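Protein sequence lines, in the order shown, are assigned to chains Z and S. Per my numbering, the very first residue in the first sequence carries number 23; after that it's consecutive. Per my numbering, the very first residue in the second sequence carries number 23; after that it's consecutive.
Accuracy of the hints is not assured; some may be wrong.
[Claimed, not checked] Calculated lysine-lysine pairs in the DSS-like style (CA-CA distance at most 25 Å, straight line):
#1 Z:K274 to S:K89
#2 Z:K482 to S:K89
#3 S:K338 to Z:K274
#4 Z:K89 to S:K482
#5 Z:K85 to S:K134
#6 S:K338 to Z:K500
#7 S:K134 to Z:K134
#8 Z:K482 to S:K338
#9 S:K154 to S:K134
#10 Z:K274 to S:K134
#11 S:K134 to Z:K338
Please keep in mind that the hints were generated in silico from the structure rather than gathered at the bench. If you're wondering where the values come from, they're calculated on a predicted model, not measured in any experiment.
There are 2 protein chains.
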Amino acid sequence: MTDATLQDPDFAQTAHALLGDRGFTSDPDLLDPWLTDWRGRYTGRACGLASPANTQELATLVKLCGKQGVAIVPQGGNSGMVGGATPGRSGNEIILSLRRMNAVRSFDPESKTITCEAGMVLQTLHETVETKGMRFPLTLGGKGSATVGGLVSTNAGGTQVLRHGTMRAQVLGLEAVLADGSVLDTLTPLKKDNRGFDLKQLLIGSEGTLGVVTAATLRLLPQIGTRIVVWAGLDSIQSARRLLLHCEERGKDALEGFEVIPSHSLDAVLDHLPAARAPLADRHAWYALIELVSDRANDTGLAHLTEGMLAEALDKGLLADATIAANETQAEAFWLLRDSISAAERAIGPAMQHDISVPVDRMADFVEQAIEIVERKFPRCEAIAFGHLGDGNVHFHVLAPPGADRASWEAQDAKEISAFVYDLVTQWGGSISAEHGIGQDKVAIFEQLGDPIALNVLHKVKQALDPDGLLNPGKLLKA
Amino acid sequence: MTDATLQDPDFAQTAHALLGDRGFTSDPDLLDPWLTDWRGRYTGRACGLASPANTQELATLVKLCGKQGVAIVPQGGNSGMVGGATPGRSGNEIILSLRRMNAVRSFDPESKTITCEAGMVLQTLHETVETKGMRFPLTLGGKGSATVGGLVSTNAGGTQVLRHGTMRAQVLGLEAVLADGSVLDTLTPLKKDNRGFDLKQLLIGSEGTLGVVTAATLRLLPQIGTRIVVWAGLDSIQSARRLLLHCEERGKDALEGFEVIPSHSLDAVLDHLPAARAPLADRHAWYALIELVSDRANDTGLAHLTEGMLAEALDKGLLADATIAANETQAEAFWLLRDSISAAERAIGPAMQHDISVPVDRMADFVEQAIEIVERKFPRCEAIAFGHLGDGNVHFHVLAPPGADRASWEAQDAKEISAFVYDLVTQWGGSISAEHGIGQDKVAIFEQLGDPIALNVLHKVKQALDPDGLLNPGKLLKA
């Protein structure tokens, strides 16, 4: 097997005959853009790029791949964080894109559901349902490229999980092609169905290792009528935790998001985005970005509730200062500060990112202690944490010492730092992957730190459903 | 193997030595009450009743059973509807009761969770969390005997699913003993955890065929402050559907339950319960039992909302008449009418009960058409439907002709009727088991009408995790 060429020329010919010009290519120039993950950490090889037009074509392709021993790497928007959609090095894999399968199959305003194909991009989904007066309650930074199939396969999170749950909570039904080429269809949106354990749940979050999701029935909500976005200054992460509890109690179901941002991250964003301005005049150790929504337009009740909630929090000393976005433009500006943290940190220099969770009520303690321990253990590095406090999920970044050489730092120190952070999280009863998945990035550390009993079950199920390792080999679990 | 005796006396001795007098018995008199399901439809045989004191004892017992080829039938409150907790006829099975494992392991008011052992009875769970000012948002008729382990293993439903989901939605973490005696522990309540596909989801609803649930971390809600219960009279099931949509739109998150009851069922209940009274003066073709709740005490806003919602419904012709329960006693009396339907129907004569679901927006059409088709096909039988319209789940009962002999009717006509009903439901894209599970009652019909692809996957997973068929053989799937 040499670079991006086929051992068995029959495979490419047969695949091409099956899928046509638009459906299959093994042209290295056309393959190249999809061989590297968007963060540029992994580059693999592939003997083809398949883009079937429909589920039946995909089912036939999967059977062909099975016969010829060619593995399949499903790739959605190629916006994953852990190399889960990037092929390995063998060259005996094809990349599978469902870009041509992006249709809305049905929309039901009464039951508030949409059934769409896996290739639909998240932003298109948002726009599609908005024209119908509805909304899809999950969003994230990569919404312009992330696809429904990828979101389901990775059980994606985002900034609305606090109120609405992860992708798992949005999926009412699935269609998927399994490793033997059979099509599992659970698209009928039954609210209650106890015919056996729930196979749809097994596919959600399986990162394309058990089946290829081809369509999903998703739940929708009424469109947002009123949105209130608050930027608050806090003296500590412990205050943030107390403020969160206060907001949950007072805001109830209106509380849609609660993100925390350390001063370091805000500074970095303000340096990075010249047009951006700090929402508050004074500097604070931490900031909270809080969103409350109502599906009634001009809901003055929500405004009153928010004002009362903040006044009480100020009285109780839970926050030092706060400002409410005056309009949608300002609300978007507040969110842009939050959404630009990763890019701003990246501009400063190399850093290791860790997407971790611990039980919500331990998160503040964890952040305080982990930052101290990591900075003591790795002098001259800076540790920062930001993100979804309300979900017990922060992005824990460790920045290289100023002036460090990226390549050598990433090759050595960074690996040691990550191992240390993951060990620490595991000691705290947490997860080394809160929302990004395992992909190829965390396979080794997962096998090392994961519960051996859980790993054993994962391997058994994988073996049962994909005995030949046809689907996304080497992702989530060791091949 | 003869009646309830052991082929291998070593097994009983070893099990007894392991679990002690309180933990193991093979005394036929002590076994007898647990050999028959509570509806009296199935009677099996067992070579022992095991009641381990803790998870470790159970893990050791499972390994022993594996070695000696003795199968394990987990039994919670023995209140299941499909014989899922009743042993088969081989006699080479033990009944496993977790009645001694009923402790609260931890309670966390801040994260609103409780971790309790599987043997805890649902009513005890309700009472336990009520003393802490919280509530557990799932209830059903068998709450006085149903256990947490049984509720998880069957993904139980009940009358609050409309707002809060089935048991699956309440479970944040699980502990379970697997077929090889290993203990899977996912009790750490992480809100977000994407380390592999979710094994907890696999165990929920697996009816004890993949593992024995020994403990669960469950989500709690603030206690109900105000409850409003409405009894409405309607002219048709189509009106009920329109009324449901209206209540969902107007009641929003306050809408906790929406049950429908046909006049026949109310008549039967009023005959059955001499002290009961009809909530409305006039007779209507259908009734809706509607519950709205708020966690604020004396929430006058909820009262106004309900009154406005009903007035508008009356204006729109969605209901003919309605009454709001004046106090808690009356609210309980309304619910008692609903909860007594099964008992009242049983007192009239033999009937076949079908726990079915179709997509919510098709349920009214289904009920109308199915009643007509079934009554035409089986003259002199009466078909009735009642239950959880808001979940697309009704209990579809077909009553034997007046004066029919129970034994001969159940042996012949009843089987034909059920097969017909299940065929019809399947044609409508529905489920032959909405909330009761498959157990032993529906194994054959599930294998016959179920999606062969889904069945194939279920069998593969079962084979992978329990290759020797140790756990609840012959339930959910053919042994």
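(message) Checking one constraint from the list: CA of S:K338 to CA of Z:K274, max 25 Å. Satisfied?
(response) violated, 32 Å
(message) Need the status of pair Z:K482, S:K89: alpha-carbon distance at most 25 Å?
(response) holds, 20 Å
(request) For the pair supplied as a hint, S:K154 and S:K134, confirm whether the alpha-carbon distance does not exceed 25 Å. (result) With a Cα-Cα distance of about 10 Å, the restraint between S:K154 and S:K134 holds, given a limit of 25 Å.
(request) Sort out whether Z:K500 lies within 25 Å of S:K338, counting only the CA atoms. (result) violated, 61 Å
(message) Given the hinted pair Z:K85 and S:K134, is their Cα-Cα distance within 25 Å?
(response) violated, 48 Å
(request) For the pair supplied as a hint, S:K134 and Z:K134, confirm whether the alpha-carbon distance does not exceed 25 Å. (result) violated, 29 Å
(request) Could you grab the alpha-carbon distance between Z:K274 and S:K134 and see if it respects the 25 Å cut-off? (result) holds, 13 Å
(message) Tell me if the straight-line CA distance from S:K134 to Z:K338 falls inside 25 Å.
(response) holds, 22 Å
(message) Tell me if the straight-line CA distance from Z:K89 to S:K482 falls inside 25 Å.
(response) holds, 20 Å
(message) Check the hint pairing Z:K274 with S:K89 against an upper bound of 25 Å on the C-alpha distance.
(response) violated, 52 Å
(message) Can you confirm whether the C-alpha distance between Z:K482 and S:K338 stays at or below 25 Å?
(response) Between Z:K482 and S:K338 the Cα gap is close to 57 Å, so the pair fails against 25 Å, i.e. violated.
In this structure, the earlier hints numbered 1, 3, 5, 6, 7, 8 are contradicted, and the remaining ones agree with it.
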